[in-house]
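J.: Next come the chains, spelled out residue by residue.
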Amino acid sequence: MRGDATSWDENAYRESILKEREIQTRTVFRTAWAPDGNPNPDTIVVASSDGVVASYSISSCISKLPLGFSNIKTQKFLAAEPISFLQGHNGPAYDVKFYSDDEATLLLSCGDDGRIRGWRWKDLTEVSVTLQGNDVEPILDLVNPQHKGPWGALSPIPENNAIAINTQEGSIFAASGDSCAYCWDVETGKVKVVFKGHSDYLHCIVARNSANQIITGSEDGTARIWDCKSGKCIQVIEPAKGLKSRGFFSRISCIALDASESWLACSNGRNLSIWNLPASERISTIPTRATVQDALFDNNQILAVGAEPLLYRFDMNGAILSHIQCAPPSAFSVSLHPSGVTAVGGYGGLVDVISQFGSHMCTFRSKSV
Amino acid sequence: MEVFKRAILQPGPPETFALQTVQEVIKPQKQTKLVQDENQFLENILRTLLQELVSSSVQSGEQIMEYGQSIDDRETTQGHIPRLLDIVLYLCEKEHIEGGMIFQLLEDLTEMSTMRNCEDIFGYIESKQDILGKQELFARGKLVMLRTCNQLLRRLSKANDVVFCGRILMFLAHFFPLSERSALNIKGVFNTSNETKYEKEPPHGISIDFNFYKTFWSLQEYFCNPTSLSLAPAKWQKFTSSLLVVLSTFEAQPLSDEEGDANNFEEESANFSIKYLTSSKLMGLELKDPSFRRHVLVQCLILFDYLKAPGKSDKDVPSESMKEEIQSCEERVKKLLEMTPPKGKEFLHKIEHILEREKNWVWWKRDGCLPYEKQPTEKKVVQDGAKKRRPRWRLGNKELSQLWKWADQNPNALTDPQRVQTPSIMEYWKPLAEDMDASAGIEAEYHHKNNRVYCWKGLRFAARQDLEGFSRFTDHGIEGVVPLELLPPDVRSKYQAKPNERSKRAKKEETKGAAHQAEDNQITIPSSEIDGEGIRGGVSAAMEFDATAIPGTQGGTSTPDDHQKQSSDTDVGQEAGQLEADAEVDAAMIDGETDADVDLDAVG
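Heads up: the sequence lines are chains U and F, in that order.
Quick note, the first sequence lines up with residues 1 to 369 if you use full-length UniProt numbering.
Quick note, the second sequence lines up with residues 1 to 604 if you use full-length UniProt numbering.
It is worth saying that the hints were derived from the structure and are not from the lab.
One thing to keep in mind: the hints can contain errors.
[What the hints assert, rightly or not] Simulated DEER-style distance windows between Cβ atoms:
#  : chain 1 : residue 1 : chain 2 : residue 2 : range
1  : F       : E320      : U       : T125      : 48 to 58 Å
2  : U       : E81       : F       : V189      : 48 to 58 Å
3  : F       : S241      : U       : S155      : 47 to 57 Å
4  : U       : E20       : F       : H349      : 54 to 64 Å
5  : F       : V189      : U       : T285      : 57 to 67 Å
6  : F       : S241      : U       : G189      : 48 to 58 Å
7  : F       : S279      : U       : P338      : 17 to 27 Å
8  : F       : E324      : U       : E81       : 35 to 45 Å
9  : F       : S241      : U       : N300      : 28 to 38 Å
10 : U       : P338      : F       : H295      : 25 to 35 Å
11 : U       : Q325      : F       : V189      : 37 to 47 Å
12 : U       : T125      : F       : H349      : 27 to 37 Å
13 : F       : E324      : U       : S60       : 33 to 43 Å
[Stated by the list, open to error] Capping the alpha-carbon separation at 25 Å, the derived lysine-lysine pairs in BS3-like fashion look like this:
#  : chain 1 : residue 1 : chain 2 : residue 2
14 : F       : K197      : F       : K158
15 : F       : K308      : F       : K187
16 : U       : K64       : F       : K214
17 : U       : K64       : F       : K235
For glycine and all other residues, C-beta sits at the position ideal for the given N, C-alpha and C.
The shape of chain F in the complex, shown without the other chains (with noise of 0.2 Å):
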């Protein structure tokens, strides 16, 4: 102990000795570290010296935190007890001992003061805030801090001293994170015990509505516990019922500004009272006070606010009526505020904008009270910027470069075998097989068909693999370029080119023509949605496409030439004319076709 009595003498820094001066006296295992006996060692110690240096202090008069200060021509010394914290705090900080002896001696140092020099103490504490409350620390000695303030709090006047009860609520509020839910009322239960008493009986000798100032105090009641007034109408009905009394009382007197300004003054002398005073014979000069107006109408507003809260569950949520009868309520209450000298509207405004904030904490208690602060973990990304920049996504976000990177991240994609090659149309036109398999039982709208891409893409196989499928299209549709041999024998017959009915049929292809184009042109909708990509390669791929229109348009014309043999001759004018109109024909459902086939190509 003499040791560290001497430490404290040492001029200079506590970094320069205090370690050693810990080392010397502890003799510790390792070298910067304390052990779990070694700490409760020191701790006894240091603890002692504070409460010898206190009685020091005590007997000599002195104020604690000023005992042993001497003030030389040059500096001021700090006294002995500031000294001796400065150490210890010096030394948890550097976590070379227990980070709870800091907390330790401080409440031991507010035990043993009185409440002047607790002031001072406190104002230490002040001081030194930013390293108390930093990670370590706090977690250490965050309880220990809190019972300390609340022993003060409990030691203070909440009516003389004011001042230093804002003190340490104020430290409280910043040493502790803003989310920090100990001190919270999370279940949202009201100060029921928090009683306004009134008189019951009317007093002799003076006059006074008591009928008025029941109804009056009668408020303070459900002011104290709103629950009761959700949960039963005929307790809503007559609080209805006297605030409207009240308020209409109110508003028959309203307030001059001479008596606010009157009332300023008062307010000045800083008389605040925490209870409302409810003798009978006051109530004729609380009714003329602002301030006193104010109060009870910021009651009124608080409780309506709550009122109009969603509770836990939705049951709580008022009814219409009720919800009527509290805006009608409010306008007037709101009215009246602002009525109410000095300074009304903004009052008004004031009060307005708490209440706002204060809904917003409702909010976040129900939403079970997430920690809201923002860890200063962003703020070091960017002093460290320089160095480690977070990767900027070209695409805006991961995804989306993701899917950009991929071309680039898979090369053999587009020259994998598995994945370049055409189907063959064996394979492709399968599933359409067995939907015109009348025994399969597929019902129309299942039909493959109907599903315009796969028709179009069947097509196009058709036309690079099976040409002579591709043109039955013009007689049978879709369903006539599927391979016959995928078919049942019962429905091939039906598809199976028929030379003689072709020639009869082709009668009648003048009016079927138009249908067969309608058709077509149906089917390149889809693939016009396509459209605006596709105009760079569009030439080479209609060059192609012609390639292979070709033969399609000499597949048309060969066929007729067979009938024309076996035809009699006096068709012959006549069927030639029709020859025409049937390649008319297959040449404008082939336009049709190229242009589809265009964008088809374009896209692929």
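In isolation and in its complexed conformation, chain U is listed as follows (with noise of 0.2 Å):
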């Protein structure tokens, strides 16, 4: 039994395999836990390469679980359902922050569209879930400029690849694919600064906001820091510097600051230096086996993730405290809560909840479109 191929369509087909292909290739590139003033953690935001934004409660997750079996082992995961579902962007989104107002808290997203969007965090969390996504407007959506050429040709719109928050100050820094940062003002929805001076797109960015500086760190190598006010370049540090490996490995792909805002953990390639902030001298250099890919903080320990599926945790002369073995094979986010779960998203669409002992809470695979 032949099939009938009169009505063949070739480009259905090619679609289907592409569309199964983005599914199995689907990334976490960024989670953020819910700021709901509950000590546990419950709700965790998720960015995906799919471009949707989507919520999942931990602890519907860990019902759904078989009861004193770990998944860690099984290869099957949990596949995991929102409880709120955003098709946030055209293209990947890669990152999520939430903004605390006093008013309401804001869930941002950018992605790679070039565009910073905001919903209220109480409507998506009261709104049930549709597929769709599209139902909930955001109240904020803000697109990179774009540069004029010659002859009045505007360049395609930048993406924005991660984004950081000054409450008090009311903006958002965003590290955008143009070489340049922006800062936006919430209120008007303007381009209030402008950070030009990197010589190849941006990564990241976070903000040091008891200075009012931003730093940010781009695929050129250099992380800079700059005064917002001016939006002049104060600083430049060069990890790779008097490093051998510096080429291909040099970018800066994540950065990290501590609580007291003074120390900076940046990483090019496979090293993850350690810098004093107000003695802008590095202080140690951790060599890891895999690229690294999303660092962060904890009190006085880092916890980092790269090209491999482990979460190691180090102290601040480099020392590998722990290393856990977590689901996605190589990962792209790493988030605290703090009650100390962390959450690892990374390839395969794959979130791992790992408790402050160790062991995992719960794993689960998000849901696509």
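Starting from two chains that each stand alone, build the complex the way the hints lay out.
T.: Okay, structure coming up:
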């Protein structure tokens, strides 16, 4: 019995194949714990490569797990049902952050389409889930400016790779693909400051609010500290300076600031270097086995993930305190809840939630469109 | 009683007056040993006396064991009570009075005293351990002593009086023989009531991985009752999956030396608890605690050891897959123990050693708890060695020496006419003759001619007693040697010498000779095995044989002579040549025989 090929739709077939590939290679680029005042970690927001920004309830994930068994060994991961679901961006969503104001908490996301979008978190939690993901209109929608070329030609809209927030000033900082960082005003929705100086696109950005500065990391291998008022670069940090491995691995893929905002961790390639900002000195360099793709400070320890299924915990001197096996084969994001629970997101659309004991609370596959 | 009171106050060793005092009070029927009623009577007196002494010491506010102690300038006298005990102990030891009495008094005393005083009393008991442990006294008082000690243990707090508890246990361990079974868990019953309770509902307000918490503490159920694991495969599955989760969590968080050190100080303050604290709030702290981790890991090792040990029946042996899983888990646990500071490697080494010893106990128990103490009798032998040496066997052991001595003990054996005689060939060949009787129907493989030793002996007898028969060996082989009288008539005819036939057959002799020789050589083989010893007697034996052999050859030549007369003359030259050949063959054969004979002679 042969199939009838008369109505064969070549394009549909091609698309379905591509779709399938996309689903398999879907990647969680960022996870963020929702600030709901609950001491137990419950809601986590996941931004993934299909542009979806969805939130999941940890407790309901745990309750769906077979009791007494950790599912880390079994390759079939729990397909979690989101509690809210947004088709946030066309193309990948790269970053999500919560913007906590006195009035309301905003969920901000940015993505490959060069937009920064903001939703009221309250609206999202109240609205029941529909899978179209378009029913809640963003209350904030910022689009990166295009560059004017000769004869008025416009460049493509540069993507936003990361955002940072200064709630006091009411600003959102975006690390963009046009090697500029932008400071947006939340109230007016206008660009306040443009930080120009990097020679290649930006990977990451953090706000050092105590000094009204931002720190950006770029593909060009430097991290720069900028003054937000003047928009001038104060300091250029080159972690790869003096290291032999300059070149291919020299990009700054992630930057982390500690709570006191005086310590900086920035990765270039397979090194994670720790800087003391007041002294503007490098304290230590931690060599890692794989490229570090995200890092953050947990008091005076550093959590780092990279292109291997391990969550590392270093002390400030670079000694490995622990390494925990985690589900995503390559991890792009690590986020920490105040209770000590860590979420690692990465390739395969997987999010692994690891308790403060180092045990796996749950591992789930985020939902795609 | 008054007499005893006075006696206590008397100075000097108890030997001098103790027995007198008893005799004075009791006026016993026998001089040195009390009978049943008198013992009872004495015991009552002593117990009352002890009671009085204790109460008066309590009233005086002194330590019981020190009451009545007086410190002179020269010497310190004992307190009243130890004095009394000493006297009684002396009497018991010498078996003047019933041996259990001292134990009875000690039990009374501990029951009457406060815990503090008990410590002093126990010190006394420890100091007299050697005497109390003597066979006679021990047999009388072991149960009372055990009861006393157990009572004491029950009164003591396990957490606060650790040292005293330890002393008591040490004493018991020394007091009772090592293989004493009374305290043994012979059936290996597990204390399943030792349940580790943990929270079943997730707590409010704090965040923990409750699933992990439950998984972790659920392991204790299996540790508490390991038998359930080997019986139900489902449980084993659940256990291993839980254990793997816990192990990987441990592995994910290696503990640094710092944490180990921090814990060390804590341990020095002797904070030891018997049960785990299972509050979910403590989970995080406990996971960072090296000694906690050690406890859990050691529990695992103990459990694995139990599972690996063979049970009473062969059915209890774990399955192959289970064994593999145990093996892999055990390796992981050991690795973790090694990694856990402080001094992980040393710790693991010690634990392995202890578990190894434990295994020996398991085997001992399995074999039915055989006593393994070496009795001190052996020691005594060594001490008395000068007087009474154990006979030493000249040839290693009793049996060999006996064999060696037999010859000396039975000098007549060699000259006994019953034994020293050659059996007559008529008797000797009977079995073979029966074999040869076809009507007997004995199968060829059971024939005596297959027994080469039998044949050889027979040939030698024949050579001495029946030369004619012996000469038939040339033609008919061993069966020909059998005396014709023994054979049934039909068989007999076959072996009767037929001169005519013989001359014809002589022609074929040349070819046959080789075969004969081969046969002969074959026969010599067994004797050559015993060759070694025979060299000494070789010469004389050979000579002896020569003497017998000569008539043999003569006999051999004599028959051809007969043929010559009967056969035609034309044949003569040929015949003669053949005769020579024949003789040669015979000689060769005889040579072969000589060798063998020499050997046999030497052995015989």
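J.: Each of the hints needs a verdict: does it hold here or not?
T.: Against the structure, the hints come out as follows:
1. About 54 Å separates the C-beta atoms of F:E320 and U:T125, a value consistent with the hinted range of 48 to 58 Å.
2. The given range of 48 to 58 Å is respected by U:E81 and F:V189, whose C-beta atoms sit roughly 50 Å from each other.
3. For F:S241 paired with U:S155, a C-beta distance near 56 Å keeps the hint of 47 to 57 Å intact.
4. A beta carbon spacing of about 55 Å between U:E20 and F:H349 agrees with the range 54 to 64 Å that was offered as a hint.
5. Checking the proposed 57 to 67 Å range against F:V189 and U:T285 shows it holds: the Cβ atoms sit about 60 Å from each other.
6. Separated by about 53 Å at the C-beta atoms, F:S241 and U:G189 satisfy the suggested range of 48 to 58 Å.
7. Roughly 21 Å separates the CB atoms of F:S279 and U:P338, a value that falls within the hinted 17 to 27 Å.
8. Remark: the range hint 35 to 45 Å for F:E324 to U:E81 is upheld by a beta-carbon distance near 39 Å.
9. The supplied range of 28 to 38 Å is met by F:S241 and U:N300, whose beta-carbon atoms lie about 36 Å from each other.
10. The given range of 25 to 35 Å is respected by U:P338 and F:H295, whose C-beta atoms sit roughly 31 Å from each other.
11. For U:Q325 and F:V189, the hinted distance range of 37 to 47 Å is satisfied, since their beta carbons lie about 40 Å from each other.
12. A C-beta distance of roughly 57 Å is found between U:T125 and F:H349, which places it outside the suggested range of 27 to 37 Å.
13. Distance hint check for F:E324 and U:S60: the Cβ-Cβ separation is about 37 Å, which falls inside the suggested range of 33 to 43 Å.
14. Note on F:K197 and F:K158: the hinted pairing holds, with a Cα-Cα distance of about 21 Å set against a maximum of 25 Å.
15. With a C-alpha separation of about 17 Å, the suggested pairing of F:K308 with F:K187 holds against the 25 Å cut-off.
16. Distance check on the hinted pair: U:K64 and F:K214 sit about 16 Å apart at the alpha-carbon level, within 25 Å; holds.
17. Restraint check: the Cα-Cα separation between U:K64 and F:K235 comes to about 22 Å, which is no more than 25 Å; the hinted pair holds.
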